[in-house]
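Enquirer: One letter stands for each residue in the lines below.
There are 2 protein chains.
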Amino acid sequence: MSEKPNEEFTPISELGEFGLINKLTERFPLRNASSIKGVGDDAAVIEVLDKQTVITTDMLVEGVHFDFTYVPPQHLGYKAVVVNLSDIYAMNARPTQITVSLAVSNRFSLEFIEKIYEGIRAACSVYEVDLVGGDTTSSYSGLMISITAIGQADEKDIVYRSGAKENDVLVVSGDLGGAYMGLQLLEREKSVFESDQNMQPQLEGHEYVLQRQLKPEARKDVPEILEALGVKPTAMIDISDGLSSEILHLCKQSGVGMRLHEDKIPIDPMVYKLCEEFDLTTTTVALSGGEDYELLFTIDLGDYEKIKGNPNFTAIGHVVPESEGANLFTRDDKAIRLTAQGWDAMLRADH
Amino acid sequence: MSEKPNEEFTPISELGEFGLINKLTERFPLRNASSIKGVGDDAAVIEVLDKQTVITTDMLVEGVHFDFTYVPPQHLGYKAVVVNLSDIYAMNARPTQITVSLAVSNRFSLEFIEKIYEGIRAACSVYEVDLVGGDTTSSYSGLMISITAIGQADEKDIVYRSGAKENDVLVVSGDLGGAYMGLQLLEREKSVFESDQNMQPQLEGHEYVLQRQLKPEARKDVPEILEALGVKPTAMIDISDGLSSEILHLCKQSGVGMRLHEDKIPIDPMVYKLCEEFDLTTTTVALSGGEDYELLFTIDLGDYEKIKGNPNFTAIGHVVPESEGANLFTRDDKAIRLTAQGWDAMLRADH
Chain Z
1 MSEKPNEEFT PISELGEFGL INKLTERFPL RNASSIKGVG DDAAVIEVLD KQTVITTDML
61 VEGVHFDFTY VPPQHLGYKA VVVNLSDIYA MNARPTQITV SLAVSNRFSL EFIEKIYEGI
121 RAACSVYEVD LVGGDTTSSY SGLMISITAI GQADEKDIVY RSGAKENDVL VVSGDLGGAY
181 MGLQLLEREK SVFESDQNMQ PQLEGHEYVL QRQLKPEARK DVPEILEALG VKPTAMIDIS
241 DGLSSEILHL CKQSGVGMRL HEDKIPIDPM VYKLCEEFDL TTTTVALSGG EDYELLFTID
301 LGDYEKIKGN PNFTAIGHVV PESEGANLFT RDDKAIRLTA QGWDAMLRAD H
Chain X
1 MSEKPNEEFT PISELGEFGL INKLTERFPL RNASSIKGVG DDAAVIEVLD KQTVITTDML
61 VEGVHFDFTY VPPQHLGYKA VVVNLSDIYA MNARPTQITV SLAVSNRFSL EFIEKIYEGI
121 RAACSVYEVD LVGGDTTSSY SGLMISITAI GQADEKDIVY RSGAKENDVL VVSGDLGGAY
181 MGLQLLEREK SVFESDQNMQ PQLEGHEYVL QRQLKPEARK DVPEILEALG VKPTAMIDIS
241 DGLSSEILHL CKQSGVGMRL HEDKIPIDPM VYKLCEEFDL TTTTVALSGG EDYELLFTID
301 LGDYEKIKGN PNFTAIGHVV PESEGANLFT RDDKAIRLTA QGWDAMLRAD H
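For the record, the sequence lines run as chains Z and X. Positions 1 to 351 (my numbering) are the ones given, in order, by the first sequence. Positions 1 to 351 (my numbering) are the ones given, in order, by the second sequence.
Everything labelled a hint here was simulated from the structure, so no lab data went into it. Check each hint, because a few of them may be wrong.
Here are the simulated DSSO-like pairs of lysine-lysine, each with C-alpha atoms no more than 30 Å apart in a straight line [as the list claims (entries may be wrong)]:
1. X:Lys51 x Z:Lys220
2. Z:Lys252 x X:Lys115
3. X:Lys334 x X:Lys252
Where chain X lies over chain Z, by a calculated footprint (3+ residues, C-beta under 8 Å) [unchecked claim]:
4. 44-58
5. 62-76
6. 125-131
7. 136-146
8. 155-165
9. 270-283
All C-beta atoms, glycine included, are put in the ideal place defined by N, C-alpha and C.
With the rest of the complex left out, here is chain Z (with noise of 0.2 Å):
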């Protein structure tokens, strides 16, 4: 379906010593004045005046994490990237800096990995951060790559998971369920191109699923819109593990419960005709799914004027008090406790 390792093939080792180090950090230039020094050192040096660092890391592994079946070794790179962002936009702060540590078996070539940084390029030139560092290592077998992003703000604009309180309104950005979605048309045609390789996958028609999971994006507009809106969230989270397990961590964090609206949740109209044709239902999807990466904030009662209409965002629920627990509201008004995940979710959470 997509590119395989080692179709073109310069093996790695036929590099000099420190040359591919020096193939894949070339072109990078850094762009934020907070940027003292990049690559080439034992370490990065990075001057924050008057903010406060915010510091994030996100592993992803070959085989739990991503198949490259399917997934080009480009949007690979840049997924990696925009997790880790997504992270720093959940501060409400402004990424800066990554660092990326790559490990690689011999299966892989040269050029397979450059693309691999093209995509991380990509998405530091879409996000304005700079690459300062990281390491690369040998694999027994297969890939891993793992990102440490960087990012400052403001003392009085940081947003924690902690922060909500009864009677705030839960918010979410975008709409949800397109990356499982995408995942799932994904693994058929998999299936399908494995039983008979003559078969062209069919893919057609659904561009947006398949970029919620192969090339997803951080909300890197949230922030900037709820601060020209004059709103910080009294709580944020982002969205990797699914709407349920995220809405559990601000609970716990800000010892409060949640209502959730089953009606209120924000689906995609390809996300809901790909759950009839899956057999699933878009709410389990929209809870247990993840890799959405929208925002999950509350807001102050009194904020939510400034943005009630706003097509970017959708009220979903409400804080109540903590001995009400978590709980979704279904459309017949019947209410279900939210529960955490399984092992796999658990898996990808950072902590």
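Keeping the supplied structure of chain Z fixed, place chain X upon it in accordance with the hints.
Expert: Using the frame of chain Z, we list chain X on its own:
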């Protein structure tokens, strides 16, 4: 020889959601005032006042960098932190925070992973750094650990690789080759054990080199000693890949050549003895062995009197014009051009 994965039995999958994360990151007190928020949000928050921030990252991969046949999990955790802190000290900075990303296959039990974190906790305590974040994920096979270390320094104190100048003295801390000989010893005893499982490993009397390999320390004391002596190095790097490789880095980035005197290279008597036993030359081991985590630096000739005779330091050469290149002067005064090492060493290198 040492503990194997799964000699104790809690499968990781038995823990509830986020149970593993909570379990692993409990009992990590925050020691640094700059650690505003540690584990538990989308990102950690750090506040650095009037200083610069240095950041470095290193990934260790099972089967490439370590072998659980003879590496106890506590030591792996300890060493994974230390190799990163060494890079921070090599900037003449003080480490303050780390993030830890861990990928593990289902072959590993909770108890085994907890032992890795015991080692991480021990290193955090000894070096007074805070664990502020990370990521835990499953792997398809094997165990990978990726650590990012953050440190601070006054802008005027930071030492890059690029400041060495003609006539500077080349100095190294401690002694070299021990970590490599420790590895040779462990590999030999592993082979013996594999061919006859009744054989017990012969490791007595070799504690020094074993410690150098299994539980190395970063030279936390060196920046302190240099400050007390009133010496600021003109360039500095830590020895992770071997003396030869590190000298070439300093030369390239400073635009200079260097003369290294074979008879000055500090070697522990046990390393001499083991080299004889293994039919290796101590100079080759020091030049190419790596993993000693000593600091290699250049100082102004005028500062030489201040460090002369100090038991922590040995002057091993000096800086010459770039056109001379980097050469080893042997005991019989022949010049041998220092060369970069092969792929293996390169793979471990930072960039």
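Enquirer: Each of the hints needs a verdict: does it hold here or not?
Expert: For each hint, the structure was consulted:
no. : hint                : in the structure
1   : X:Lys51 x Z:Lys220  : 28 Å, holds
2   : Z:Lys252 x X:Lys115 : 28 Å, holds
3   : X:Lys334 x X:Lys252 : 23 Å, holds
4   : 44-58               : holds (count 12)
5   : 62-76               : holds (count 4)
6   : 125-131             : violated (count 0)
7   : 136-146             : holds (count 9)
8   : 155-165             : holds (count 5)
9   : 270-283             : violated (count 0)
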